[in-house]
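Those protein sequences? They're chains A and B, same order as listed. Residues 1 to 115 in my numbering are what the first sequence spells out, letter by letter. Residues 1 to 115 in my numbering are what the second sequence spells out, letter by letter.
In case anyone wonders, no lab produced these hints; they're calculated from the structure. Computed from a predicted model, the values in this text were never measured in an experiment. Here a beta-carbon is modelled for each residue, glycine too, at the ideal position from N, C-alpha and C. Hints are supplied without guarantee of correctness; some may be wrong.
[Said to hold, decoys possible] Cβ-Cβ distance ranges computed for the label pairs, FRET-style: (1) B:S18 with A:K68: 26 to 32 Å; (2) A:R110 with B:P8: 23 to 29 Å; (3) A:S112 with B:G53: 31 to 37 Å; (4) B:T86 with A:V20: 46 to 52 Å; (5) A:D17 with B:R77: 43 to 49 Å; (6) B:G3 with A:N53: 26 to 32 Å; (7) B:Q17 with A:A115: 25 to 31 Å; (8) A:E15 with B:D56: 40 to 46 Å.
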Amino acid sequence: GENVEQHPSTLSVQEGDSAVIKCTYSDSASNYFPWYKQELGKGPQLIIDIRSNVGEKKDQRIAVTLNKTAKHFSLHITETQPEDSAVYFCAAPLGWVWGNTPLVFGKGTRLSVIA
Amino acid sequence: NAGVTQTPKFRILKIGQSMTLQCTQDMNHNYMYWYRQDPGMGLKLIYYSVGAGITDKGEVPNGYNVSRSTTEDFPLRLELAAPSQTSVYFCASSYSPSRGQETQYFGPGTRLLVL
Numbered sequence: 001g002e003n004v005e006q007h008p009s010t011l012s013v014q015e016g017d018s019a020v021i022k023c024t025y026s027d028s029a030s031n032y033f034p035w036y037k038q039e040l041g042k043g044p045q046l047i048i049d050i051r052s053n054v055g056e057k058k059d060q061r062i063a064v065t066l067n068k069t070a071k072h073f074s075l076h077i078t079e080t081q082p083e084d085s086a087v088y089f090c091a092a093p094l095g096w097v098w099g100n101t102p103l104v105f106g107k108g109t110r111l112s113v114i115a
Numbered sequence: 001n002a003g004v005t006q007t008p009k010f011r012i013l014k015i016g017q018s019m020t021l022q023c024t025q026d027m028n029h030n031y032m033y034w035y036r037q038d039p040g041m042g043l044k045l046i047y048y049s050v051g052a053g054i055t056d057k058g059e060v061p062n063g064y065n066v067s068r069s070t071t072e073d074f075p076l077r078l079e080l081a082a083p084s085q086t087s088v089y090f091c092a093s094s095y096s097p098s099r100g101q102e103t104q105y106f107g108p109g110t111r112l113l114v115l
C-alpha cells in the first residue's frame with residue numbers, strides 16, 4: 001500500500017521567513033496530493049492541493065510543487081506570519097484515485113513562527 | 001451549513017465499556033470517514049463509507065464498528081474499550097464524483113480517554 005513520509009517533524013522559523021515541508025510517497029500511480037493545516041484543538045482543514053497533471057500550484061503565500069519522477073511534493077509558505085503556526089499534514093491516495101480511494105496521511109509537521 | 005459535527009467532544013471510558021461516537025454532515029456528501037489521531041502519528045483511517053449502506057475497513061479497524069443507514073450519519077462504535085483506543089477521533093466527509101478525490105471536510109474531533 002501507499003506510504004507517505006513527511007519531513008521535518010518540527011520546524012521553527014522567524015516571522016517573515018519561508019518554510020518548506022517535504023513529503024515522499026511510494027505509489028507511482030498516485031495522482032492527487034493535498035495539504036491540510038490543523039490548528040490547536042481543531043480538525044484538519046485543506047489549504048491547497050495539486051493533481052498530477054501540473055507541477056506547481058500557488059495560492060497567495062502558499063505553493064505546492066510536485067515531482068512525479070522523484071515521487072515527492074513540497075509545501076512552501078512565504079512571508080510566514082504567527083497565524084501560520086500549526087501542524088501541517090500531507091496526504092496521498094492509495095494508488096490511482098478512482099472514486100473510493102482513501103488518503104494516507106503523513107505524520108505531520110509542527111510549524112512554529114516566531115515573532 | 002454546520003458542516004461536519006461530532007459528539008461528544010470529550011469522554012472518559014472505563015476498560016470494557018462501550019460507546020458510540022456520533023458524526024453528522026449536512027453537505028450531502030456521499031463519502032464519510034473515521035480517523036484516529038495519536039500524538040506524533042498523524043491520522044490513521046479506521047473505516048470509511050462511499051454511501052448509505054456501504055462501509056469498508058481502513059488501516060486500523062480492529063476494535064471498532066460502523067454503520068451508514070443515512071447519507072448524513074456515520075456513527076463509530078467501540079464495543080469493549082481498551083487503553084490502546086485512547087486517542088482523538090475525527091470524522092470527515094467528501095464529495096467524490098467520478099473524476100476522483102475531492103476535499104475532505106473534518107469535524108472538530110472527539111477526545112477519548114480509556115482508563
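Honestly, do A:S112 and B:G53 meet the 31 to 37 Å range at C-beta? violated (45 Å)
Holds or violated: the 26 to 32 Å window for the beta-carbon distance between B:S18 and A:K68? violated (46 Å)
Is 46 to 52 Å right for how far apart the beta carbons of B:T86 and A:V20 are? Cβ of B:T86 to Cβ of A:V20: about 33 Å, so the range 46 to 52 Å is violated.
Does the Cβ-Cβ separation between B:Q17 and A:A115 fall within 25 to 31 Å? The hint (25 to 31 Å, Cβ to Cβ) is violated, given that B:Q17 and A:A115 are roughly 45 Å apart.
If you check the beta carbons of A:D17 and B:R77, does the distance land in 43 to 49 Å? With a Cβ separation near 46 Å, A:D17 and B:R77 satisfy 43 to 49 Å, so the hint holds.
Between A:E15 and B:D56, does the C-beta distance stay in 40 to 46 Å? Hint holds: Cβ distance 44 Å, inside 40 to 46 Å.
If you check the beta carbons of A:R110 and B:P8, does the distance land in 23 to 29 Å? This hint holds: roughly 27 Å between Cβ atoms.
Check the following: the C-beta atoms of B:G3 and A:N53 are separated by a distance inside 26 to 32 Å. holds (29 Å)
This entry does not satisfy hints 1, 3, 4 and 7, going by the numbered hints stated previously.
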